[in-house]
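Note that UniProt numbering gives residue 10 to position 10 of the sequence shown, counting from 1, and the numbers run on in steps of one.
Heads up, a few of these hints could be off.
Here are the simulated distance ranges between beta carbons [unchecked claim]: (1) Y58 / A20: 29 to 37 Å; (2) W14 / Q45: 17 to 25 Å; (3) Y58 / A36: 17 to 25 Å.
The hints are simulated quantities; they were obtained by calculation from the structure and are not laboratory data. We treat Cβ as the ideally placed atom computed from N, Cα and C, and that holds for glycine.
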Amino acid sequence: TEIHQVARLAQELWPENTVASLEAEMYESLNQTDTAFFLYYTDNQAVAFAHAQLRRDYVE
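Using the sequences provided together with the hints, build the complete structure.
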């Protein structure tokens, strides 16, 4: 699945996490209406991702 591809890429950034745990965290995050993941493909292979989420808390 695409979430698995995002989790695989995320593990390269956070190798102390398993792909399965990152995937579960991402599925949980996607249950929120203000979250999105974007995949970038080169030659039909996912090579990068972006995670976007709206914040509503106070930030200076």
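Tested hints:
1. Y58 / A20: 29 to 37 Å: 34 Å, holds
2. W14 / Q45: 17 to 25 Å: With a Cβ separation near 20 Å, W14 and Q45 satisfy 17 to 25 Å, so the hint holds.
3. Y58 / A36: 17 to 25 Å: 23 Å, holds
In the structure shown, no violation is registered for any of the earlier numbered hints.
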